Amino acid sequence: MPRLPWPLRDAWLSRLAVRSQRGDREAFRDLYRALYDPVSRYVHRRVASKADAEDIVGQVFFRLLESLERIDPRRGSVLSYALFMARNALVDHVRGRAGQVPEEAAAAVPDSGVGPLERLMGQEDVERVRRELARLPAETRELLMLRFGDGLRFAEVAQVMGLSEAAVRQRTSRAVRELRARWDAGPARGELANDG
Amino acid sequence: MTDEELSRALRGHEPKPDPEHRARLEQELLAAYDTRVDRRVRRVRSPLWRYATAVVLLLGLVSATQVSAEYKIEVGKRIRVVLPAGSEVSPGLGDRVARAFVSGSSRLVDVGVMLRRTPEGPATLVVDVWGDRLAQEGEAMDRLRAMPEFVGLPVEVTNLEGRVRDNLLGLVGHSLFRAGASPEERELARQRVIEELRRQEGDGARIDVDVEEDSQKQRMRVRVRKQMPAPQSLPE
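Protein chains in written order, with this note's numbering: chain P, -3 to 192; chain W, 852 to 1087.
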């Protein structure tokens, strides 16, 4: 997907979706290529197994194809719709497995592993942020994941989670405020370390 | 903790999308898309949908043909002449009137002559001439007017029309004579008109229906032949 300002990106995806609905094969291919990366990232951040993640990504796009006629760009962005389907596929995937709450899967904080994150933040800080996030309710965690992990706008987060945009703004603001407050409180470091 | 730091923490280590998976999924997805589009196109182009309108119209037409209808066919002329009161009628008047309409070019099929007489009042001569080309038969009318009994008298001419009861299919068949129908269609329509006229005129009538065609149009000629009454049967 070309790097475009979000209004242009949404308009471009909408046009591709409409053309795909009309039988334009090239448009559908471009739509797939544009959505593959964000959908793939969304799923891979929440599923540890690469094989499972690829399987879920495939399900998302086949579901997208099945519901292609129902996509109405006037009701929301196509990207949000795709991520909404990814979220549902993820929940369905987890439901088939015992011992994990589906909503927890959508809110799972990714394992940073060894990557550029460690070069920018100290490993200790990363672990601390992750522990703080783990203490939040699943819905708030997912909200923060969509907003800061997947980089969605408030309106898109609202569409994916089925909430109002105002509620998303309010909850995000409150959650970030709480996180920062804990972060700034010195004792939290040791407290969090004890939690781990 | 800034938003950027939070974003970095939440993004974690992003695995790069596998190009092989991406390409494989694209192929599978496009194949499914092609199948879906083909199925939709076939559904749109199915003969049932393509000809749905025509089928509905045809059903409507077939239904409409079952509605009873009635139409008229001009089969001759009725000539009425009012004779002055007290005028004498010669015994051979009926025969002479009938012969006035006989000529080589006419397609006369039957002539009925009837004299209606009322006591102390005028007599009315009614001549029913069955056949065609009577409108062009100016000579016959001239001969009639030239007869001594009718000189100077007004002659009233009206059409003799045969009513043909049929359904709309029959009416359509009748119009086929003028609609450039195929020979088979015209023959079918012709037979139906003959049957209807025979039903009206009785078994003793000889009915002929001919179709004439020229470069301009097609015309139907109807001839009904009946036994001509003997001259002596005329009322005096």
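No wet-lab data here; the hints were simulated from the structure. Every value quoted in this text rests on a predicted model; they were computed, and no experiment measured them. Take the hints with a grain of salt, since some may be wrong.
List time: in silico EDC-like cross-link candidates among lysine to aspartate or glutamate, alpha-carbon distance up to 20 Å [as the list claims (entries may be wrong)]:
id, chain 1, residue 1, chain 2, residue 2
1, W, K867, W, D854
2, P, K46, W, E871
3, P, K46, W, E939
4, P, K46, P, D26
5, W, K867, P, D88
6, P, K46, W, E1052
7, P, K46, P, D20
8, W, K867, P, D48
9, W, K867, P, D51
Ranges of calculated distance between the beta carbons of each label pair, as one might list FRET restraints [claimed, not checked]:
id, chain 1, residue 1, chain 2, residue 2, range
10, W, Q878, P, A181, 24 to 32 Å
11, W, L1039, P, R70, 57 to 65 Å
12, W, E879, P, R66, 40 to 48 Å
To be clear about the criterion: a stretch of chain W counts as covered by chain P if any three or more of its residues have a C-beta under 8 Å from a C-beta of chain P, and this derived list gives those stretches [unchecked claim]:
id, stretch
13, 883 to 889
14, 993 to 1005
Glycine included, C-beta positions come from ideal geometry on N, C-alpha and C.
Here is how each hint holds up against the structure:
1. W/K867 / W/D854: violated (23 Å)
2. P/K46 / W/E871: Roughly 13 Å between the alpha carbons, so the hint for P/K46 and W/E871 holds.
3. P/K46 / W/E939: Violated, at about 125 Å.
4. P/K46 / P/D26: Violated, at roughly 24 Å.
5. W/K867 / P/D88: violated (24 Å)
6. P/K46 / W/E1052: violated (95 Å)
7. P/K46 / P/D20: It is violated: about 32 Å lies between the C-alpha atoms, which goes past 20 Å.
8. W/K867 / P/D48: holds (15 Å)
9. W/K867 / P/D51: holds (16 Å)
10. W/Q878 / P/A181: 24 to 32 Å: Violated, since W/Q878 and P/A181 (Cβ atoms, about 53 Å apart) do not stay within the stated range.
11. W/L1039 / P/R70: 57 to 65 Å: The hinted range 57 to 65 Å holds for W/L1039 and P/R70, with Cβ atoms some 59 Å apart.
12. W/E879 / P/R66: 40 to 48 Å: violated (21 Å)
13. 883 to 889: holds (count 5)
14. 993 to 1005: violated (count 0)
Violation of the numbered hints given earlier is confined to hints 1, 3, 4, 5, 6, 7, 10, 12 and 14; the remaining hints are satisfied by the structure.
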